[in-house]
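Spelled out, the chains give:
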Amino acid sequence: MSTDIPKGGPSAVKLADSDFAADHRPSDLGGALRDYWAQVRSGDLGAVPAVLGIAGLVVLFTALRPETFLSDRNIANLFTQALPVTILAMGLVFVLLLGEIDLSAGVTSGVCACVMAKLMVSAGQPWYVAVLAALAAGVVIGTAIGWLVAVVRIPSFVVTLALFLGLQGITLWLVGEGGTVPVRDDVIVALANKNMPVALGWALAVVCAVGYAASQFWRWQRQSARGLAAKPVQLVALRVVAVAVVLLAGTYLLSQDRAPSPLITLAGIPWGVPLVAVLLIICTFVLGRTAYGRHVYAVGGNAEAARRAGVNVTRIRVSVFMIASTLAAVAGIVAASRLNSVTPSEGSGNTLLYAVGAAVIGGTSLFGGRGKARDAVLGGLVVAIIDNGLGLLGTKAYLNFLITGSVLLFAASIDALARRRRSATGR
Amino acid sequence: MTDNGDPVLRIAGLNKSFGAVHVLHDVDFTLRQGEVMALVGDNGAGKSTLIKCIAGIHPTDSGRIEFEGRQVSVGSPRDAAALGIEVVYQDLALADNLDIVQNMFLGRERRKGIVLDENAMEEAARQTLAKLSVRTVKSVRQQVASLSGGQRQTVAIAKAALWDSKVVILDEPTAALGVAQTRQVLDLVRRLADTGHAVVLISHNMNDVFEVADRITTLYLGRVAAEVRRADVTHGQVVELITAGRSGDLGLAPATAAESI
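Top line first, the protein sequences correspond to chains A and B. Its first residue numbered 7, the first sequence is counted upward by one per residue in my numbering. Its first residue numbered 18, the second sequence is counted upward by one per residue in my numbering.
Just so you know, the hints here were simulated from the structure itself, not pulled from any lab data. Here the structure is a predicted model, which means the values were calculated and not measured. The reader is advised that the hints may include incorrect statements.
[Unchecked claim] What follows is a set of in silico ranges between Cβ atoms, one per label pair, in the way DEER data are often shown:
1. A:239 with B:61: 36 to 46 Å
2. B:244 with A:418: 51 to 61 Å
3. B:244 with A:239: 52 to 62 Å
4. B:99 with A:295: 53 to 63 Å
5. A:179 with B:36: 46 to 56 Å
6. B:248 with A:36: 51 to 61 Å
7. A:213 with B:74: 32 to 42 Å
8. B:244 with A:225: 47 to 57 Å
9. B:165 with A:135: 34 to 44 Å
10. A:295 with B:192: 47 to 57 Å
11. B:165 with A:35: 22 to 32 Å
12. A:227 with B:256: 54 to 64 Å
[Unchecked claim] Which stretches of chain A does chain B cover? Using the computed rule of at least three CB atoms under 8 Å from a CB of chain B, they are:
13. 228-235
14. 341-352
[To be verified] Residues of chain B clear of chain A, computed beta-carbon distances all greater than 12 Å:
15. 47
16. 78
17. 108
18. 123
19. 132
20. 140
21. 196
22. 207
23. 213
24. 253
Glycine is no exception: its CB is placed at the ideal position from the N, C-alpha and C atoms.
Next comes chain A alone, as it looks inside the complex (with noise of 0.2 Å):
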């Protein structure tokens, strides 16, 4: 790499006289807030309205219920309310990424929880054996969908329109009808249920913000010293505190003991929240620093010209639906552990709309090629204080039904606005 450096050094003196002004401007944080806002303004709306979202809820709600919504046990149900929705959410981004969309990712999830209950509860099998057997499901059924849509060429809204009938019947008959099927594994029940300990929480909390802080001011570093195009230092300082303190507040918020009789102690990071951090940093890796995630955004945003570059664009079409699947096990799971059961009717109904709603709000764009995982987690906080929300308040159900349609239909017409004001402002 130390030979890189000389050799760069006529390329920088000829390039000086190039006119890449923006790239080698000392910029500073002033700068770089006003470039945001302009983006902003512009149509790039990034992770503003969900953040947005999360401050006007939480204040709306703790306005309506002071005393119970911002109490400890509250925000750790939340967090766990939240779980499943998230994690199904962040496979949907890889599918609206390229502008498709499963419709049956819910029910999926429901599939493959399912699979898992009766491994264990009929067959005897232990824990893992279900688990990778319901993350088989996942793949099975994604590949499915892929070679469906990607090969068979009928739209995705269709296939999976579908299977989100044709799965429910295979859960049905799984489960038995009118049964459910009961999930009483300790490592299973654990995940939603139980928490860690609380000084491994700090200690979990304290290396990921390091961790964080490590690799964006490592690339930082790297970045001017070859003098490419770096964010201000500021800016990037701004973000790693920023990131630090949500990280260090939540983890005291959930270390807080909230257990409802003094006699015995409820406190700590509910074991599933972990879980969702290490898939938002595989997500976010694959999808930013690998050349897979670099042509699923190609792919999302003209696929003619990804083809064109080589891209395989099948393979790409096929994988993403195999990605939601699988992370569609993974929510299934999760939503069986915090039920302690599995339903026929799992997955089904309003699950999908909350977790496509959850990426949309989070700033995943349905018409493909913008999103990152962090819309998931972001998009799947505003999805469970809602519903938290509503439940504290006592909402009848066909009023529930009114508004969670509503907040999808209203975070859909932000996007399409957001990408008419994009287009006509070029961006």
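Using the hints provided, position chain B relative to the given structure of chain A.
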């Protein structure tokens, strides 16, 4: 290494039919290093088909393709890219949601292990743009969606020049551009040839052709009407070659030109 003026790509007796329609008749076509070859012809004359045969998109029925003196077969776009033949299509083939560097390396990303080597790609993209004296982009990390038509064309052409490419084929690069942007792109086409590429310029605009081309090949109903040096012909002669297949003693024999109709 070949010198300027040496043939890089030589096509002899190329035929191509789509079913009963004989699209290309015994086409001979030679590209030389450091030269801009304009490929002109009316709609349906076979320009795009010829290009697609060279780029490996269409298989040919008969004929020889020689690349740097060796006979080669170009069975797929990958074969063409491996030889160093790059095509810049009329509809650009850039992904709007990616930035300039990402587009230039699309499909051929540099990696360290499984991780993309963003820094190396950015440096290489910057060097290529600087070598072609592209001065109009503000940042190489700009999204392509935010670029003007001329800038996009510039990026698409620079993308073709980024690889160790020897032949760059441009399909109507100025078709949708304004005056100033056309100027930029034509300058870029010239620099591409000056940096040792053999350039094919497909265009309907005679001003562009006469401004930048060294040689002109006219296709008329699937046959090569004439391959001429720009200095030897006038606008009017080229237009006649395009519309009638012949002009004075240039072009197809009267019988052939008439028979094709």
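Hint check results:
1. A:239 with B:61: 36 to 46 Å: Distance hint for residue 239 (chain A), residue 61 (chain B) is violated at roughly 58 Å.
2. B:244 with A:418: 51 to 61 Å: This hint holds: roughly 57 Å between Cβ atoms.
3. B:244 with A:239: 52 to 62 Å: 58 Å, holds
4. B:99 with A:295: 53 to 63 Å: Violated - the Cβ-Cβ distance for residue 99 (chain B) and residue 295 (chain A), about 27 Å, lies outside 53 to 63 Å.
5. A:179 with B:36: 46 to 56 Å: Holds: the Cβ-Cβ distance is about 51 Å, inside 46 to 56 Å.
6. B:248 with A:36: 51 to 61 Å: For residue 248 (chain B) and residue 36 (chain A) the Cβ distance comes to about 57 Å; the hint holds.
7. A:213 with B:74: 32 to 42 Å: Cβ of residue 213 (chain A) to Cβ of residue 74 (chain B): about 52 Å, so the range 32 to 42 Å is violated.
8. B:244 with A:225: 47 to 57 Å: 53 Å, holds
9. B:165 with A:135: 34 to 44 Å: For residue 135 (chain A) against residue 165 (chain B), whose Cβ atoms are near 58 Å apart, the range 34 to 44 Å is violated.
10. A:295 with B:192: 47 to 57 Å: Distance hint for residue 295 (chain A), residue 192 (chain B) is violated at roughly 37 Å.
11. B:165 with A:35: 22 to 32 Å: 29 Å, holds
12. A:227 with B:256: 54 to 64 Å: 60 Å, holds
13. 228-235: Holds: 5 residues of the region 228-235 of chain A have a Cβ under 8 Å from chain B.
14. 341-352: This one is violated; 0 residues, fewer than the three required, reach chain B with a Cβ under 8 Å.
15. 47: 26 Å, holds
16. 78: Consistent with the label, residue 78 (chain B) stays out of reach of chain A, its closest Cβ about 24 Å off (over 12 Å).
17. 108: At about 8 Å from chain A, residue 108 (chain B) fails to clear the 12 Å cut-off, so the statement is violated.
18. 123: 4 Å, violated
19. 132: 5 Å, violated
20. 140: About 7 Å separates residue 140 (chain B) from the closest Cβ of chain A, which leaves it inside 12 Å; violated.
21. 196: About 20 Å separates residue 196 (chain B) from the closest Cβ of chain A, which puts it past 12 Å; holds.
22. 207: 17 Å, holds
23. 213: Given that every Cβ of chain A is farther than 12 Å from that of residue 213 (chain B), nearest at about 18 Å, it holds.
24. 253: 37 Å, holds
Of the numbered hints given earlier, the model fails hints 1, 4, 7, 9, 10, 14, 17, 18, 19 and 20; all others are met.
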